[in-house]
Amino acid sequence: MSEVVKLQLIGLSVIGSGVLILLFIRSQFLRVIGFVAIVLGLFSLVALAVPQMASLPPAEESIDIASIKTPADMASIGQKIFFSKGQCALCHTIGPSESARCPDLKGIGAKLSREFIFESLTQPQAYIYLDYRHEGLPKEYPARMPYINKNPIGLSKNEILSVIAFLQQMSGEPISVNPSELEMPGSAPAAPVKSAQAETVTVAQAK
Amino acid sequence: MMQRPGMIERLIRLFAESPAAVAAFVATLGVLAAPVVGLAADSGGASAVAYRDVPGIGSRNLVWIVAQLHLLLAGFVLGVPIFAWLCEVVGWKSGEKRYDKLAKEFTKLLSSAYSTTALFGGILLFILIGAYPKLMAYLSDIFFPSFMVYCALFLLETATLYMYWYGWDAMSEGRSKVFHLVLGFLLNVFAFFIMIIPNSWATFQASPVVIAEGSDMARAWAATWNPTWWPVNIHRLIANVVLGGYICGAYAGIRYLSARTPEEREHYDWMGYVGNFIGVFGLLPLPFAGYWLMREIYQYNQQMGITLMGGFLSWLFILQAMLIGVLFLGSNYYFWMGITHRIPGSELRYRKPILAMLIILLLCLGVWMTPHSLVASLEEARKMGGTHHPLLGVFGVMSAKMTVSNLMILVTFMSFIMYWRAGKEDTATWAKLANAVMGAVLVIAGIVVVVLGVWGYFVPAIVRINYFSTSQVLLVIFVMVTITPLTALLLKSAKTTTEMVWGKMPPRAGYALVLNAIMVILLMTLMGYARSSSRVHWHVYGVMRDSSQYAFSPALGYAAALMAANTFMFCMIVAFIFWVATMGDKAKHSHGGKEKSGDGHGALPAMAGGSQTLDKQI
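Heads up: the protein sequence lines correspond to chains Y and X, in order.
Each step along the first sequence adds one to the number in this note's numbering, with nothing skipped, and position 90 is 90.
Each step along the second sequence adds one to the number in this note's numbering, with nothing skipped, and position 60 is 60.
I should point out that these hints are in silico values taken from the structure, not numbers from a laboratory.
Incorrect hints may appear among the rest.
[To be verified] List time: in silico DMTMM-like cross-link candidates among lysine to aspartate or glutamate, alpha-carbon distance up to 20 Å:
#1 Y:Lys150 / X:Asp216
#2 X:Lys104 / X:Glu264
#3 X:Lys134 / Y:Asp73
#4 X:Lys432 / X:Glu499
#5 Y:Lys150 / X:Asp426
[Claimed, not checked] Some chain Y residues judged to face chain X by a derived CB distance under 8 Å, without partners named:
#6 Ile10
#7 Ser55
#8 Arg144
Backbone N, C-alpha and C define an ideal beta-carbon position, used for all residues, glycine too.
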């Protein structure tokens, strides 16, 4: 017996109990309970009558760095990070959109060098002008862009390089990031990046 | 000879009559919870445990049930003070004591309802910390400052509730009454903030924003101001008023059905009217708030919007339409029964308009419930000429649904106006002109709403959403803000031709009130499931993935069975709260009745302040 049939039987028995209460019980409170049972049973039966669709989660991907052979592989992983763990798409869009809260990244890989992108991701405050419109020391305007290599996002250097590869590929530029730059598990970091997790790149499957 | 109450009964009375005992109980719970919070904090950091399951029922189901009950109780606890305060204000302004007594008796419910809500909140916290330590550690890291504010608000709310409840009799006249009303207002202000802080946690899960570096407070603030926070705040605030009103109505309905004396029947008939009125008052703007929320969801993430409206949750909105439709029908039916049974002689006069309104409501409901795309086999789809039915597909789109929902709101509003004016004759010299203006406003608004709805098929979606739908909403609001004050002005000088007779409603009126309350509760459970499921397999959408065995969203049938069970449990808890809160009154009532104390209160029904007749006796 399928789950739907079981639930339908339960719904019917609840309605039946409600009808019996209304027919044979005189206590007003119990009669109201019977009435409520009928309403709830009917609601359940209607909900069971419509198409039953569950939403199953996509499989989680765990990518081994050793399997990355080409810059295109990196760009592919970068794309997934862009739309999931990196949370880039929460604010940025690729192409104009009304819902964009931050700059459109279409063609950004052609406009900016990889070093500048890396710096923008890891030191977003670097080129923000100081505010001199008051007495005393100038203040920093807080950058809207978060530090991508720190918590809560905490992308590792490998992941940031993959995102840069994706941005360059998406802009039609040759990918200047090479898989040989990736840090293998256990090796010392080559760049001054506070990596959160440097072993495997675990990303959720992009929708 | 009276029996001595048992220990459980004494405890129940203690909780019901003393908020101090409730506070002590909650504080004890908090102290007991402290080690658990500490353990959870440890586990969140170093331990690899991300999930713990609960055998048998499953951790997700347990969280679902407890969270749903907590939320419904919270809605009740936050809705009742609004309801009570509104009644107190009406009583103060009009001088009708029965409103003040109604407000007082509903405030009395707060103490026991408050403790039950806190109890479920505590249980929910324990389960969440135990079953989802990683998620809770993540949320605590971001929202810790708001946890502290939340606790502070609870203290303020409790202190205000003490003064509001215990000071009712002491502050019943003159300036002290004004101070009491201010206390009631403050109670609602604190309650509002108590509602919106947890809303920020839940809405952050659905529409997270990237949190930049900064102080703990700055990070919490940034996360709090996420795109769906205010739409949910407003939607929940209005929904709580609706819940409070309809539950009051349902309570009155049940008491009306079991009333034994004419006084009781009069009183509970009147209480049912007040509850239904406040419920409808909140219900009318609720779809607008819902529309704003859905618009923000689409704007935040189109994929999430599509998952809700066009994806696996699309059938849920057909169920929602059914529930809202029944609620509108139930509310209107109650109004119509009120016209025909409480106002003698008006049955014939209003039969035709009622019939016309019923037909419009049913047609609108039919359109609202029409699904856009039908799940069909290949053969069926070929016969139909596509997944969209050639005729029904036209009604399944948003343009049609927005139009009919606005028309249903207009009809319900007119039902209320009709009820308001029944049994009265205009005497103002400008009455004809006012009636003509009101009629013209209504007819023109109705036509424009339909025209915009039809036109909406021929313009791009963005134009329809940004201009047409909002214009429809603004038009309906315009009708309300034009006709309501005009009617009020007309009725100021109107002559009452037929006095309203309370206590003459048939028993089905009581069941209609119960039905309305059930529909509201079911709607809240349904939309809670929708909001949660729209995150699909994410704890925090796009940020923290749910990798537990319960990462899937169950099908609607299974979910509906749980919703029905939750609704039933909530009803039983509320019935228990009412029973506990009125236990003392019943005892006093029976005692007073035996001794014939003659203090006037002995004759009052167990709940609230009696009828107009009783008012005169006091």
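>> Would the hint linking Lys134 (chain X) and Asp73 (chain Y) be met if the CA-CA limit is 20 Å?
In response: violated, 31 Å
> Does the alpha-carbon distance linking Lys104 (chain X) and Glu264 (chain X) stay inside the 20 Å limit?
Replying inline: Satisfied, since the Cα-Cα distance of roughly 18 Å is no more than 20 Å.
> Does the structure keep Lys432 (chain X) and Glu499 (chain X) at a Cα separation of 20 Å or less?
Replying inline: violated, 23 Å
>> Checking one constraint from the list: CA of Lys150 (chain Y) to CA of Asp216 (chain X), max 20 Å. Satisfied?
In response: Given that 20 Å is the threshold and the Cα spacing comes to 15 Å, the pair holds.
> Are Lys150 (chain Y) and Asp426 (chain X) close enough, with their CA atoms no more than 20 Å apart?
Replying inline: The hint is violated at about 71 Å.
> Minimum Cβ distance from Arg144 (chain Y) to chain X below 8 Å?
Replying inline: holds, 7 Å
>> Can you verify the interface hint for Ser55 (chain Y): is its Cβ closer than 8 Å to any Cβ in chain X?
In response: holds, 4 Å
> With 8 Å as the cut and Cβ atoms as the points, is Ile10 (chain Y) at the interface with chain X?
Replying inline: holds, 7 Å
The structure does not agree with the numbered hints 3, 4, 5 stated previously, though it agrees with the rest.
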